[in-house]
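Asker: Going line by line, the protein sequences match chains A and B.
Under my numbering, the residue at position 4 of the first sequence is numbered 4, and the numbers go up by one with no gaps.
All you need for my numbering is the position in the second sequence, starting with 1, plus 1000.
Take these hints with a grain of salt, some might be off.
[What the hints assert, rightly or not] In silico PhoX-like pairs for lysine-lysine, Cα to Cα no more than 20 Å straight-line: (1) A/Lys6 - A/Lys215; (2) A/Lys239 - A/Lys218; (3) A/Lys215 - A/Lys240; (4) A/Lys6 - A/Lys17; (5) B/Lys1097 - A/Lys127; (6) B/Lys1253 - A/Lys131.
[To be verified] Which bits of chain B does chain A cover? Going by a derived footprint, with three or more residues having C-beta under 8 Å, they are: (7) 1101-1109; (8) 1247-1260.
Since the hints were derived computationally from the structure, they do not count as laboratory data.
Think of the CB as a built atom: it goes at the ideal place given N, C-alpha and C, for glycine as much as any other residue.
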Amino acid sequence: MLRVEKLNKVFATGGDKVFALQDINMTVDPQEFAAIVGPSGCGKTTLLRMAAGLETPTTGKITLNNRAISGPGADRGMVFQAYTLFPWLTVEDNVAFGPRQCGVPETEVKSIVDHYLNVTGLTRFRKLYPKALSGGMKQRVAIARALANTPEILLMDEPFGALDAQTRVVMQELLLRVWEEDQKTVLFITHDIDEAIFLADTIHVMTRQPGTIRKTFKVPLSRPRDHSILLTPDFIALKKEIVELIWTESMQAAEEA
Amino acid sequence: MESNSKSWSDLIRLQPRAYMAMSIVIIIGFWCLLSFGRWVNPIYLPSPWAVMKAFVSLQEEGVLVPYTLISLYRVLAGFLVAAALAIPLGIVMATSKRAEAFFEPFIDFVRYLPVTALIPLMILYFGIEDFEKIAVIFVGTFFQLVLMVKDTVSGVPGELLNAAYTLGTRGTAVYTRVLLPASMPGIMDNLRICMGWAWTYLVVAELVAANSGLGFLILRSQRFLQTDRIFAGLLVIGILGVLTDYLFKALSKMLFPWYERLGN
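Same shape as in the complex, but just chain B:
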């Protein structure tokens, strides 16, 4: 009985992984087919081999790692500041009608402004150094994150709070003992989604008035028609994205073993 159920769970656990491997093999295979088969002009689609060589030369020029690190720094700085402010504000807005009424008009207004449209202003205000890039990421993620956190916290079942009240929960303990733990998994998901946007705005910020970073690398390579280097830059961003996503998911599973999620 025991070993039987174990082998079943092994199978089930293995299956999605197999699908994952399959998907990666298909994408790379398709890429190889199109590029090595000369179906597409290498100016548009460089071969995997050419991209590999681009990685090597970027490394030899000493830009690959520094550019990746500077981009990573900007993303994390903007994202962490946004998260540190958005989570408390979102919780306050979810629990106070007055706070919601006070903050929501401004947040909604900014939320619908395309961040790209704000970049000229940001450059005017903050210059073209790191601070401006971080500010772009902050503006791009903060206003979205506040509303997502607010929605997550609003979704905590009212009866759970009532149960806590009848057990003697009062004041700040309502937040620390009930609202926060109940909404943590949801907030973690909010952060994960927001991280994706942070990367988007980073590249947008680095495409304008930058002299370092992965976005800058992509833009400069485009000027010289170095499609292989563009692909190298995209690959780094994509892989970092997959890794951060994976990290968030793993962290979620580790921190919230109690959480019931559809499909688990």
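The shape of chain A in the complex, shown without the other chains:
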């Protein structure tokens, strides 16, 4: 279980202090797919990076299965918004990177790689270098690479943010299929409300300045899901609620500014 307690993050720029995150409290249960939705600048990426150990909180703490997080580690896999495949490694070697770093025997590495290439539909492309792949394919490899390390939690920072609408839909369905099979704990950051509802069990809505979690919603949609649920009344009702929450907050912020 990922637990965030009384977390604050203050950036000092020059003489000014910017309160990026204020009093964040949240948990992600084992095998839960949690999403954080919020406008850009609300600190959602900062929060995720702190969970990954790439940034440190000003006060408060984050624990994963009761161990305090003090730096990046293989127990928390991450998929970045930017393309971060190692360009000098082929698709299969990218996926094998984590297990090899962690000292997994080579025969086992091969079966892990075969498995995740298969689940993500990349088997045909295993010998290619990243430069030959489209954006969607690169993110597929990034997901396979993170999963191959069998992390306790998968942290995803708007992984489909740079993709076109059609590819996004395909990737969302692919992620759900992989997740339904693996039942990993996932913390997924997005600014796309549809994406959050479609994927997640729980949605934390964040608002900005200071970044706080405004409200947490349970998604009442059954699994397995496909894109036909985007037009169901439950989906639309939840979307309406979240949109209105973010909208009123944004209007308030605009008036105060």
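Chain A is fixed; fit chain B onto it per the hints.
Answerer: Positioned in the frame of chain A, the structure of chain B alone reads:
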């Protein structure tokens, strides 16, 4: 479809070569025109034919190949020692603020000293043998190369390192598995550029207090107004330069097939 795209790629591949041939033909043609046409006094511009004869007589005197080899030896020795020290130091400086602060003042200071101004000192310290020539090339290239390597390694995207950290990369593996492979193509380019400077400093070194080598050949020929021999010396240096450059590029392509370069 397949054959169509193939013939297109053939055309595209052929075109730059055609331009290359064109450029060589134009330069040689211009040279022929100026010299055979007697537009320029042969003391300033010998004809291609005279230069060819100079090559033959240099060969008969038994200096062409030995001088080329000795120059090649000096360049490679100075360059390789510079590279062997500059690459690790550049990587360390790129990854450690303390190392950077410690080394940078001295490196920047020496980097801005013209190597030619150091030659009298070098002769005083190291004499006039090969060692001094190699030292000149080393000093001329090492300090530039360190900073170029540092910049290349600093240019590795931070998110690539972060990705590696989240996959469990630690300690020396950060260098061997991420930083080094990520910056190898850039370092190769740094080396290629540096090789050009190495040749420049070689000739500078051989112009002063030398009794062998291509620079020495050029200087001695100038004393006797043997412009054809000067040209022969220049041609050898130029051709060796083109060949090393080509070698570096070919090596880069072979070793780093994954590398994305503008225009490829």
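Asker: List, from low to high, the hint numbers that the structure doesn't satisfy.
Answerer: Violated: hints 5 and 7.
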